[in-house]
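Participant: Under numbering that gives the first Met the number 0, the residues of the sequence shown are numbered 0 to 348, in order.
Among the hints, erroneous ones may be present.
Listed next, the in silico SDA-like pairs over lysine to any residue satisfying Cα-Cα at most 20 Å (straight line) [unchecked claim]:
no., residue 1, residue 2
1, K131, N25
2, K92, R204
3, K3, L159
4, K92, T13
5, K146, P189
6, K235, R223
7, K52, G113
8, K127, D71
9, K233, R223
10, K127, T14
11, K127, T8
12, K131, T13
13, K3, P174
14, K92, V203
15, K92, A73
16, K146, L159
I should point out that these hints are in silico values taken from the structure, not numbers from a laboratory.
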Amino acid sequence: MNAKLYPVTTDTETTEAVEAAREALNAHETIVIPTDTVYGIACDAFSHQGVSKLLADKGRSRTMPPPVLIFDLAALAGVADEIPNDVYDLGNKFWPGALTIILYSYPSLTWDLGETQGTVAVRVPDDKFALKLLTEHGPLAVSSANKTGQPAAANAEEALNQLGEDVTLVVDDGPRPAPQEDGSVGDSKPSTILDCTSTPYVVVREGAITVEELREVVPSIVTRSELNARNDEKDKQETSTQEDTEQKPTGQEDLDEAYDQWDAEHSGSGKEPERAASPVAGSIADMLLGAVNTATSLAADKKPEVDQKRSRGYRNNTPQPVKTAQAPVKPVSTDAARALVHGEAKSES
Numbered sequence: 000m001n002a003k004l005y006p007v008t009t010d011t012e013t014t015e016a017v018e019a020a021r022e023a024l025n026a027h028e029t030i031v032i033p034t035d036t037v038y039g040i041a042c043d044a045f046s047h048q049g050v051s052k053l054l055a056d057k058g059r060s061r062t063m064p065p066p067v068l069i070f071d072l073a074a075l076a077g078v079a080d081e082i083p084n085d086v087y088d089l090g091n092k093f094w095p096g097a098l099t100i101i102l103y104s105y106p107s108l109t110w111d112l113g114e115t116q117g118t119v120a121v122r123v124p125d126d127k128f129a130l131k132l133l134t135e136h137g138p139l140a141v142s143s144a145n146k147t148g149q150p151a152a153a154n155a156e157e158a159l160n161q162l163g164e165d166v167t168l169v170v171d172d173g174p175r176p177a178p179q180e181d182g183s184v185g186d187s188k189p190s191t192i193l194d195c196t197s198t199p200y201v202v203v204r205e206g207a208i209t210v211e212e213l214r215e216v217v218p219s220i221v222t223r224s225e226l227n228a229r230n231d232e233k234d235k236q237e238t239s240t241q242e243d244t245e246q247k248p249t250g251q252e253d254l255d256e257a258y259d260q261w262d263a264e265h266s267g268s269g270k271e272p273e274r275a276a277s278p279v280a281g282s283i284a285d286m287l288l289g290a291v292n293t294a295t296s297l298a299a300d301k302k303p304e305v306d307q308k309r310s311r312g313y314r315n316n317t318p319q320p321v322k323t324a325q326a327p328v329k330p331v332s333t334d335a336a337r338a339l340v341h342g343e344a345k346s347e348s
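Work out the full structure, taking the sequences as your base and the hints as a guide.
Facilitator: Here it is, written out as structure tokens:
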């Protein structure tokens, strides 16, 4: 194993470990440090070379970028953008602690954490050594100390077994989670990950902090399964509305139904559908159908011969013979048209 082990049981050892860690980080190396959940592999968040090495050490691609640890909620605005007030409420409640929050990354930062799609996952760890290192060095890109597909390291020995050939040093501060005052040790759970880039906020992974605890601060928080169920129900409603619209009869379908009903009632009777009546002599419809030669000479004996027989052939757009007017229609002047519509006669100039 190439990694050097640094115990931190005393203040002197802690100071020595912090100095060694900072030296390795400035050299774009990777290290293993304790956090409040599990041991983590860390590098300088602004070191492109360091992040690339971290991903390589874990056997992970750029599609799985590491979260970023900061020393305090006050530093959040330095790495994230468009921070909702609810996020500050969550930070005040659970930071330092096992809550990782996904936000939009501050656009002017020059880091490269991988394929983040413009986001960053941020956390303030509840660990004395980690906070001291973060305060003195700055933000760290940190992921669980294990090879991809293997269990996360809960102590320094497990971290050495998995990453001892890859990292520069391992800081040993006992098992994680740290023993309680009564000596008991809880389950080694990762942090809970909450996506706050859109509403409602979505629990991407439930870990040490439960969904119920999160909802005590922001009641609208949902799990992935709950969000999927909502989306499925919304899709069903939209599909149902679309089908109702498509199945609603059109005007032609209503007309066809009326014709079919007439056919059923009069089948074999020898009757034919009634013909539409010709326009009343002197009406506008009469004139437009070519019944008169001028607007001022309305002849009642020139009734148009119109065939508007309502038949199946008509419905199917089969051409029907229509006789043309016997005489050409003269254009109607504006005054004549007004007289026809309003009954007002006005002398033409």
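Participant: Is the hinted pair K92 and R204 satisfied, with a Cα-Cα distance of at most 20 Å?
Facilitator: 18 Å, holds
Participant: Measure nothing beyond the straight line between the CA atoms of K92 and A73; if it is 20 Å or shorter, mark the hint as holding.
Facilitator: Status holds; Cα separation ~14 Å.
Participant: Given the hinted pair K3 and P174, is their Cα-Cα distance within 20 Å?
Facilitator: This hinted pair holds, its Cα atoms lying about 18 Å apart.
Participant: Taken at face value, is the distance from the CA of R223 to the CA of K233 at most 20 Å?
Facilitator: It holds: about 15 Å lies between the C-alpha atoms, which stays within 20 Å.
Participant: CA of K131 to CA of T13, is that 20 Å or under?
Facilitator: Holds - the C-alpha atoms of T13 and K131 are around 9 Å apart, at most 20 Å.
Participant: Could you grab the alpha-carbon distance between K92 and T13 and see if it respects the 20 Å cut-off?
Facilitator: Given that 20 Å is the threshold and the Cα spacing comes to 28 Å, the pair is violated.
Participant: Between K131 and N25, is the straight-line Cα distance small enough, at 20 Å or below?
Facilitator: Holds, because 16 Å separates the two Cα atoms, which is no more than 20 Å.
Participant: Regarding the pair K3 and L159, is the alpha-carbon distance no greater than 20 Å?
Facilitator: With Cα atoms ~9 Å apart, K3 and L159 stay inside 20 Å; holds.
Participant: Would you mind confirming whether the straight-line C-alpha gap from K127 to T8 stays at or under 20 Å?
Facilitator: Measuring from Cα to Cα gives roughly 12 Å; hence the hint holds.
Participant: For the pair supplied as a hint, K127 and T14, is the alpha-carbon distance within the 20 Å limit?
Facilitator: 12 Å, holds
Participant: For the pair supplied as a hint, K92 and V203, is the alpha-carbon distance within the 20 Å limit?
Facilitator: Cα-Cα ~19 Å, so holds.
Participant: Are the Cα atoms of K235 and R223 separated by 20 Å or less?
Facilitator: Distance ~18 Å between K235 and R223 Cα, so the pair holds.
In the structure shown, a violation is registered for the earlier hint numbered 4 alone.
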